[in-house]
Amino acid sequence: MTDPGGRAERGAGTAADDADRDVLERVATGELDALEELYDRYRTMAYSIALRITTDAALAEDVVQDAFLGAWRNANRYLEGRGSVKTWLLSIVHHRAVDAVRRRRPTTELPDRESTPPTALTIPDIWPEVAGRLDRETVREALAGLSEPQREALEMAYFGGLTQQEIAARTGAPLGTVKSRMRLGLLSMRRVLVGDGGQLPAHTGERDDGGWAES
Amino acid sequence: MNLTHEQVLDLAAGFVVGALDREQEQAVRDHLASCDLSHDELAELGGVVPYLAESVDQVEPPASLKARILAAAAADVEARRPTTAEPSQAEVVTFPTEAERETRRRRTSVIGWSLRIAAVLVIAALGAWNLRLQQDLNSARQPANSVAVLSAEGGGPSGIALVEADGTVRMAMRDLTPTTGTEVYEAWVIAPGGAAPVPIGGFTVGQDRVGVFSAPRAGAAAGVTLAVTREPRPNPTAPTPPIVSSGVASTP
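The listed protein sequences derive, respectively, from chains A and B.
Just add 830 to the spot in the first sequence (first one is 1) and you have my numbering.
Just add 156 to the spot in the second sequence (first one is 1) and you have my numbering.
Just so you know, not all the hints are guaranteed correct.
Claimed, not checked - Here are a few chain A residues that face chain B, going by a calculated C-beta distance under 7 Å:
hint: 1; residue: 873
hint: 2; residue: 874
hint: 3; residue: 879
hint: 4; residue: 881
hint: 5; residue: 891
hint: 6; residue: 895
hint: 7; residue: 898
hint: 8; residue: 966
hint: 9; residue: 970
hint: 10; residue: 993
hint: 11; residue: 994
hint: 12; residue: 1016
Hints were generated in silico from the structure; no laboratory data involved.
Remember, it's a predicted structure, so these values are computed and weren't measured experimentally.
Ideal Cβ placement from N, Cα and C applies to all residues, glycine included.
Isolated chain A, as found in the complex (with noise of 0.2 Å):
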């Protein structure tokens, strides 16, 4: 927590997130001009990820719509928060993506929608500048190099909007090992992403709490 905010020490971002914070400023003072352009900037990302994990066309559409909404209405809230618009954004989506998933799923509890609270995760951005433009293929490589039970707990965990309960039912495997295999699955992935060092940008060592702490 020494670095609220954090703009002024991130000098290592991206002149696109720097932008996009500019224009997250302006859609937090209300600025429906603001919004579009933010829209503009990322309804491909935001469509195509939502498309995936609820694999509804229409269902996609409502997600995206909570979503930015849920970013024009706690766009102040992101500017006391940490990481870039962009991750902030798609961590919305993803989990108002796993909420309709789960809300379709009768097996699931789910707190009433009205009682969901409209921020999501945080997902912290550690290496923007390392991996910011990995492309597609590369992602899609460290993700098929996982051993196949990794893989298959990670993609029911993030695209299929499982628990780590429901994929050991679903695969048989104890819950541990479900655990275990969703953590050495990403930790593999990061390590192809970023090589095998693995080094943090030093710029992570002010953030303590790794960014977590509030949504």
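Starting from the known structure of chain A, fit chain B onto it as the hints suggest.
Just chain B, lined up with the frame of chain A:
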């Protein structure tokens, strides 16, 4: 649910990929907000997650989605505005207080934005038409089914009104003379064929000369005339001439 530091580390991978139930997730957040120990691994794992998203095939959303989102955001602005002293009065729409500071630029931008929505709606309607050809109607939703451009003879106050499928009217006007005292601008729906004007609500206008107004389920539909008059006091039953600005709602 209180979690120990070790329990949080155990849940870290599930947390970053969203594989906890929402209660567990909140418990992890609560822990992170209060625990001073290192959560480096959680941050390391979390850094991978955006790249999972990057692996997805990119698909363009339908053009109509933009109109839906912008219309919903505009409606949200109105819903969040501070309630007026007379809640039982016809709906009077002003911008939130924070907006007052940015007066003209923002308000002008709302008008420009509304006009752009109208353009987007044209595209949306075409898109929805195509959609209907391709799939069931139930998945096709339109934010509005008609649009009226309001104008005055010889220039003067002008604006745009969106009429939604349930009869809701959303209107944005500019170049209106500011109201004083009990004065309001009143919006009217006039059905085709010379029907009597029906009042749907009023709004006041400040020095920026802009008025934004919405009337939920006002019974409007394509083909009606939407008109605005300036009234000496709220809740008129008949319009006081002249009509300040008017236009016919038509399907784009």
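Here's how the hints hold up against the structure:
The closest approach between the C-beta of residue 873/A and any C-beta of chain B is roughly 5 Å, which is under the 7 Å cut-off, so the hint is satisfied. Here the hint on residue 874/A is kept, as its CB sits about 5 Å from the closest CB of chain B, short of 7 Å. Evaluation of the residue 879/A hint against chain B yields a held restraint, the C-beta minimum of about 5 Å falling below 7 Å. Annotation: interface hint on residue 881/A holds; nearest CB of chain B at approximately 5 Å, less than 7 Å.
Hint status for residue 891/A relative to chain B: holds, with the closest Cβ pair at about 5 Å, below 7 Å. Using the Cβ-Cβ criterion of 7 Å, the hint placing residue 895/A at the interface with chain B is satisfied: the shortest such distance is roughly 5 Å. A cut of 7 Å between beta carbons decides the hint on residue 898/A: the least distance to chain B is about 5 Å, and the hint holds. The closest approach between the C-beta of residue 966/A and any C-beta of chain B is roughly 6 Å, which is under the 7 Å cut-off, so the hint is satisfied.
Checking residue 970/A against chain B by beta carbon gives a least distance of about 5 Å; that is within 7 Å, so the hint holds. Because the beta carbon of residue 993/A sits about 5 Å from the nearest beta carbon in chain B, less than 7 Å, this interface hint is met. With 7 Å as the threshold, the beta carbon of residue 994/A comes within range of chain B, its nearest partner Cβ sitting at about 5 Å, so the hint holds. Contact between residue 1016/A and chain B, as hinted, is supported at the beta carbon level, the nearest pair being about 5 Å apart and thus within 7 Å.
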